[in-house]
Amino acid sequence: MEDYEREFLSELTPLSKDEADRYPEILSKLHAEFIIIHPFRDGNGRTGRYMLDSLLVQSALNTINWNTVFNQAIGDYREGISQSVFRDYSLLASLFREFINP
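Read left to right, the sequence shown gives residues 6 to 107 (my numbering).
Please note: incorrect hints may appear among the correct ones.
Said to hold, decoys possible - The calculated EDC-like cross-link candidates involving lysine to aspartate or glutamate, where the alpha carbons are at most 16 Å apart (straight line), are: (1) Lys34 to Asp58; (2) Lys34 to Glu84; (3) Lys34 to Glu16; (4) Lys34 to Asp93; (5) Lys34 to Glu10; (6) Lys34 to Glu24; (7) Lys34 to Asp8; (8) Lys34 to Glu12.
As the list claims (entries may be wrong) - Distance windows between CB atoms, simulated: (9) Val62 to Phe91: 24 to 32 Å; (10) Asn49 to Phe91: 12 to 20 Å; (11) Glu84 to Ile42: 16 to 24 Å; (12) Gln77 to Ser15: 30 to 38 Å; (13) Ser15 to Thr73: 17 to 25 Å; (14) Arg11 to Asn72: 29 to 37 Å; (15) Asn76 to Asp8: 29 to 37 Å; (16) His43 to Asp23: 27 to 35 Å; (17) Phe75 to Glu7: 15 to 23 Å.
Calculated directly from the structure, the hints in this document are not laboratory data. Each residue gets a CB set at the ideal place from its N, CA and C atoms; glycine is no exception.
Let the sequences and hints guide you as you build the complete structure.
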């Protein structure tokens with residue numbers, strides 16, 4: 006958790022309105038790295054999703070529609086998390102870009 010705080014939270018939060026176009030990339034890093042911390046599969050999912058939604062609300066943005074993500078793109082979501090182990094956040098960022106409520 007100390008590494009997560011130093012490398013991701015302190016560097017990427019709070020979300021800056023000047024970087025709104027980068028939110029999907031930033032959120033994908035924060036989410037994936039938080040999920041990866043837990044030693045058991047699916048251990049941090051709900052908490053990680055709540056954290057992202059909280060960051061979006063703090064920035065006066067709408068939250069991610071998680072029901073739509075899970076109903077339409079659960080395979081891509083899981084694959085995005087898997088790719089993130091190798092610090093490839095592109096698929097997850099693409100999903101977040103698509104599913105952040107306008």
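To see whether the hints hold, each was checked on the structure:
1. Lys34 to Asp58: Within the cut-off at roughly 14 Å; holds.
2. Lys34 to Glu84: 14 Å, holds
3. Lys34 to Glu16: 11 Å, holds
4. Lys34 to Asp93: 9 Å, holds
5. Lys34 to Glu10: Measuring from Cα to Cα gives roughly 12 Å; hence the hint holds.
6. Lys34 to Glu24: OK: Lys34 and Glu24 at ~15 Å, within 16 Å.
7. Lys34 to Asp8: 13 Å, holds
8. Lys34 to Glu12: 10 Å, holds
9. Val62 to Phe91: 24 to 32 Å: Taking Cβ atoms as reference, Val62 and Phe91 lie about 30 Å apart, which means the hint holds.
10. Asn49 to Phe91: 12 to 20 Å: Given range 12 to 20 Å: holds, Cβ gap about 19 Å.
11. Glu84 to Ile42: 16 to 24 Å: Given about 19 Å between the Cβ atoms, the range holds.
12. Gln77 to Ser15: 30 to 38 Å: The hint (30 to 38 Å, Cβ to Cβ) holds, given that Gln77 and Ser15 are roughly 33 Å apart.
13. Ser15 to Thr73: 17 to 25 Å: 31 Å, violated
14. Arg11 to Asn72: 29 to 37 Å: The hint (29 to 37 Å, Cβ to Cβ) holds, given that Arg11 and Asn72 are roughly 33 Å apart.
15. Asn76 to Asp8: 29 to 37 Å: Holds - the Cβ-Cβ distance for Asn76 and Asp8, about 34 Å, lies within 29 to 37 Å.
16. His43 to Asp23: 27 to 35 Å: 32 Å, holds
17. Phe75 to Glu7: 15 to 23 Å: 31 Å, violated
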